[in-house]
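Residue numbers (the numbering used here), protein chains in the order written: chain A, 12 to 361; chain B, 7 to 144.
Treat the hints as calculated values from the structure; they're not laboratory data.
Any given hint could turn out to be false.
[Claimed, not checked] Examples of chain B residues lying across from chain A (beta carbon under 10 angstroms, computed):
#	residue
1	Arg12
2	Arg25
3	Ala31
4	Ile42
5	Gln48
6	Gln59
7	Leu77
8	Arg80
9	Asn123
10	Asp125
11	Val127
12	Arg129
13	Arg132
14	Val135
A virtual CB, placed ideally from N, CA and C, is assigned to each residue, including glycine.
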Amino acid sequence: MTGRASLSLSPGLPDTIMELVNQALTGNRRALARLISQIENDGALVAQALAEIFARTGRARVIGVTGAPGTGKSTLVSEIAKAYRRTGQTVGIVAVDPTSPFSGGAILGDRIRMRDLAGDPGVFIRSMATRGSLGGLARATADVTKILDAAGYDIILIETVGAGQSEVDIARTADTTIVVEAPGLGDEVQAIKAGILEIADVFVVNKADREGAANTVRALEAMLDLGTAPRATQSAHHGVTINVEPVSRNSESEPAWRPPILQTVALEGKGIDRVIEAITRHQQHLANGEGEVRRRARLAAELEVILRETLLRRLMAGLAPTDVTAMVDRIFKRELDPYTAAQQLLAQQA
Amino acid sequence: MDKKIRILIAKPGLDGHDRGAKVIARALRDAGMEVIYTGLRQTPEMVVESALQEDVNAVGLSILSGAHMTLLPRIVELLKANHLADVLVFAGGIIPDEDIPALKAAGIRGVFGPGANTDDVVRFIREEVERQSDTETR
């Protein structure tokens, strides 16, 4: 696919991807919205466009907000956006909600809590369905973040689906990850389980006016006191990983980052200033070296995903659909195991 | 290709009852569509801005307050002004039969009152959106 591929777009929008990108990057919000749809619908079609804009990315600060359903992520995102708007910075928001595994449909309701941001030309909000991705984000989220970055948004806020324990993709997409907790959701054992708590750069205990907030803070403090595992610079996502040479760090090792635990009542805008301050401090910490380590790890993970998709697409292009169906039949009849079948399909293609 | 029909369901105006809107949102979700639900008390400007940012195929407006003759044509007008004339607009809620011809003339392509069958709404949207994309490719 090339960037010159013709699109069937609506009246008033350009009919090539590159022209759509140009308009999106020069402030045409409708072109931006349509480009995001194109990325969601067919990543391959826009690959060349993304390649061309990549050099213009990397300027925005990307902040992820994750946590269990009902902890107040959308309200918190809205309040954080308002705080940045008061300083004159523009804000792009990507809010992800789950796709129904049964119908393929979705109800995307995050805008309900972002009503205060309506009518502000310095804010662009996009709701996104996961469309089958399981890591808490949609496949297209990282690419959409790049587009918003290249379009000049200073701050990009990504809200994940209501996440439980293993939806940790956000840590590979955001510079700073905020994990939102609310009182009364679990005991200390929940707090020492692996997963989402380990990716926090900032903890927010929201709904802090409710009973049990102090206990939640205490459980998180106790967890942090046990020490945190060193953050891996590579991701073991699907069993295979790309090994990246670790970059040399400054010899004067800076102190490790301890995630602050902040209390907010997002609905009343309470405690938001301290969240912004913590984000700023974390970004300064990243600037001292760790940010580079993380960005390299992120790029390695991204390269791996693209390689995987490209290889699979190339393989499938060389096979007739009937080849695959025939193989599934043989596996179904237990004539063949899936591992050998995969090897045979690969050999057939070569 | 993983193309989905995207729909904005909005409640313009001041009434605070969104049960009908939620029933429709749920039915469209179950039909495999992506439904962006905006919540209560949206101004026409807010509805149109959301439709633009979300790049929707259709906007469904639920209105029970009696202000439909003012708010619905205003939303169609604003959509046109924002180059979103190709977005399908339909409405539901408490809308007297005698108002429907005027609303259709104003560009509201479907009106679904209480007791409307959700299957009919789904079929209506599918047909209209398909027709829209047919004319676009030409």
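Outcome of the hint check:
The restraint placing Arg12 of chain B at the interface with chain A holds, with a minimum CB-CB distance near 8 angstroms, inside the 10 angstroms limit. Checking Arg25 of chain B against chain A: minimum C-beta separation of about 15 angstroms lies over 10 angstroms; hint violated. For Ala31 of chain B, the interface hint holds, the least distance from its beta-carbon to any beta-carbon of chain A being 6 angstroms, beneath 10 angstroms. For Ile42 of chain B, the shortest C-beta to C-beta distance to chain A is roughly 5 angstroms, which falls under 10 angstroms, so the interface hint holds.
Interface hint status for Gln48 of chain B: upheld, as the beta-carbon distance to the closest one in chain A is roughly 8 angstroms, under 10 angstroms. Interface hint at Gln59 of chain B: satisfied, since its Cβ lies 5 angstroms from the closest Cβ of chain A, which is below the 10 angstroms cut-off. The beta carbon of Leu77 of chain B comes no nearer than 16 angstroms to any beta carbon in chain A, farther than 10 angstroms, and the hint placing it at the interface is violated. Residue-level restraint check for Arg80 of chain B is violated (minimum Cβ-Cβ distance to chain A is 15 angstroms; threshold 10 angstroms).
Taking 10 angstroms as the C-beta contact cut-off toward chain A, the hint placing Asn123 of chain B at the interface is violated, the least distance being around 18 angstroms. Evaluation of the Asp125 of chain B hint against chain A yields a violated restraint, the C-beta minimum of about 14 angstroms exceeding 10 angstroms. A hinted interface residue such as Val127 of chain B counts as satisfied when its beta carbon comes closer than 10 angstroms to some beta carbon of chain A; here the least separation is about 14 angstroms, so the hint is violated. Hint status for Arg129 of chain B: violated, given a least beta-carbon distance of 15 angstroms to chain A, over 10 angstroms.
A hinted interface residue such as Arg132 of chain B counts as satisfied when its beta carbon comes closer than 10 angstroms to some beta carbon of chain A; here the least separation is about 13 angstroms, so the hint is violated. Restraint check, Val135 of chain B versus chain A: the minimum CB separation of about 12 angstroms is more than 10 angstroms; hint violated.
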